[in-house]
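Participant: Using the sequences plus the hints, can you model the full thing?
Residue numbers (our numbering), protein chains in the order written: chain X, 1 to 304; chain B, 1 to 304.
Keep in mind that the hints were calculated from the coordinates and are not lab data.
Note that the structure is predicted; figures quoted are calculated from it, not measured.
Hints are supplied without guarantee of correctness; some may be wrong.
[As the list claims (entries may be wrong)] Only some residues are given here: those of chain X computed to face chain B with a beta carbon under 8 Å:
1) Leu114
2) Lys117
3) Ser118
4) Val121
Heads up, the beta-carbon is just placed ideally off N, CA and C, and yes, glycines get one too.
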Amino acid sequence: MNTQSNVMNESFDSQRIAPVSMSATRPMYWSMRRELWESRSIYVAPLAVAGVALFGFSLSSIAGIWEKPLRLNPAQPQAPYDMAAGLMMLTGIVVSVFYCLDALHSERRDRSILFWKSLPVSDVTTVLAKACIPLVILPLLTFAITVAMQWLMLLLSSAVLLVSGLSVATLWTKLSFLRMSWLLLYHVLTAHALWPAPIYCWLLLVSGWPRRATFLWAALPLVAIAGVEQIAFHTWHFAAMVGSRLMGAAPTVASTSTDMFPTDPMTHIAPDHFLSSPGLWIGLALAAVFLAAAVRLRRYREPI
Amino acid sequence: MACIDARGLRKAFGTTIALDGVDLRVEEGRILGLIGPNGAGKTTALNAILGLTPYQGELRVLGRDPWTERDQLMRDVCFIADVAVLPRWIRVSQALDYVAGVHPRFDRAKAEGFLAKTTIRCGSRVRELSKGMVTQLHLALVMAIDARLLVLDEPTLGLDILYRKQFYDSLLNDYFDRNRTIVVATHQVEEVQHVLTDLMFINRGRIVFARSMEELESRYLEVIVHPEKVAAARALKPMHERQAIGRSILLFDLKFDLKLDRVANQKLDRQQLAALGDVRTPSIADLFVAVMGNQAGQAQGAAR
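Facilitator: Here it is, written out as structure tokens:
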């Protein structure tokens, strides 16, 4: 009897799972997966916009068969590609803003914070995973979708040219695609990730704070500061600064051109100029402060 | 080492005192029922144990400070809250993926085995499941984690009788062993009566009653008194008296000493009480009413 129960105990012990050794990155990876499951708009919205834009471009290209001189030999073959990239960046900004405003709010609203907190994932990991969405995932996604879209546009134009019996060569030589893609990657990672980081981190922080109306709480302090500045000094520096951060008007290129996107192959990028600008580092420091506050806030937060 | 060790645990929300110096010690391998009226401090106490809320006083759970080491602690602690806290957007398969991804002690095959016994399909989203099924899913996730402490806060609230019965049955048969500890807070005292090894009543932020179930059975006796012997029975100073179907039911603490007029060594004996009527072990519910009734009486006495 005794031996039997011993045997049973042993078999039971052997059944106990040896804890899987876990690298520190695994909770981070799965926390980011979780964000993509929860907020499908992160990739659905850019894909939908790209689809609509491609549809518009294909209509325009097909119309081009009948209006050859106007559409197939434009002065700037670059233009529709720049427009497409600009559209995708704008989509990325809108998605980021809405994502951040909901990031730490929705888990409190649906009480699932109690479930997430019952698992061995720290608040730091959770908040960093959420911050990675607008700061890493969305810029890279914007880049990938834009490049794919531009290739499809190029193929479409080439097909139309072939059907019309014109030479494809001029189009392909005028556009330097690799250079364009490289510039785009540089631009999204600097102007749309590092530069607006304080804005996104501020929105993330605010999403973990009020019970409702996160947008109001996020916008009111900014509007108030801008208002005080206007009344006191009759200037709009603060509003202009917030706007430039959000829209990605960063000092990433050497020239002082007003072009928002350095997609012109002749542009000289200036990473050293960007990396040495105090604005970047002040912004990143501010972003870190906001993130630290968001982590601290999440520790104390309970379901709404 | 005690599984949970709290000394002088205090917590106030503004002027409302939720925990007023709770001392609590739960050894390993016990199933503790934490029972109290609404607003007694049950959930606050559990939240403190789970590291969801800051507190004053000393608290160690499995040797750790829950507030500062929550993410580490959650490797060994599982938690099911009073209402469904699984996010409504998550798919069953995603929930399995996520917990398997972040939890080093999760056995996915085991969880799938539990789910196979239910009607839950892997592709379903939580929002498509009934309340009972969500609880089944959560229980399957939790039971597949090789944890040392399981905390349940009103786990069967709002479930029908079948699910409720099933819940505790699977917990006892498929999960509990002498290496694990379970703490359950509930109002449904009758369904945990035969599950518990220990019982605690909490009222106004204080533990007012703490006994093991063995002690409960040996120490408390309910007597359905013969009508002609009511006066004699009352002379023995019962803790509580109630009427049911025309009979007086008196609850006695066998350790009550009539001469000293307080609880001391066992003075009343079963034989003596059995002569007064039919004796039985009181249900937790009756004991709860008796203890809480006396509490209220004392409080009123103190007020005068």
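Participant: Next, verify each hint and record whether it holds.
Facilitator: Quick rundown of the hints versus the structure:
About 4 Å separates the beta-carbon of X/Leu114 from the nearest beta-carbon of chain B, less than 8 Å, and the hint is met. This hint holds: X/Lys117 has a C-beta 6 Å from the nearest C-beta of chain B, less than the 8 Å allowed. About 4 Å separates the beta-carbon of X/Ser118 from the nearest beta-carbon of chain B, less than 8 Å, and the hint is met. A distance limit of 8 Å between C-beta atoms decides the matter here; for X/Val121 the minimum to chain B is near 5 Å, and the interface restraint holds.
Consistency note: the structure conflicts with none of the earlier hints.
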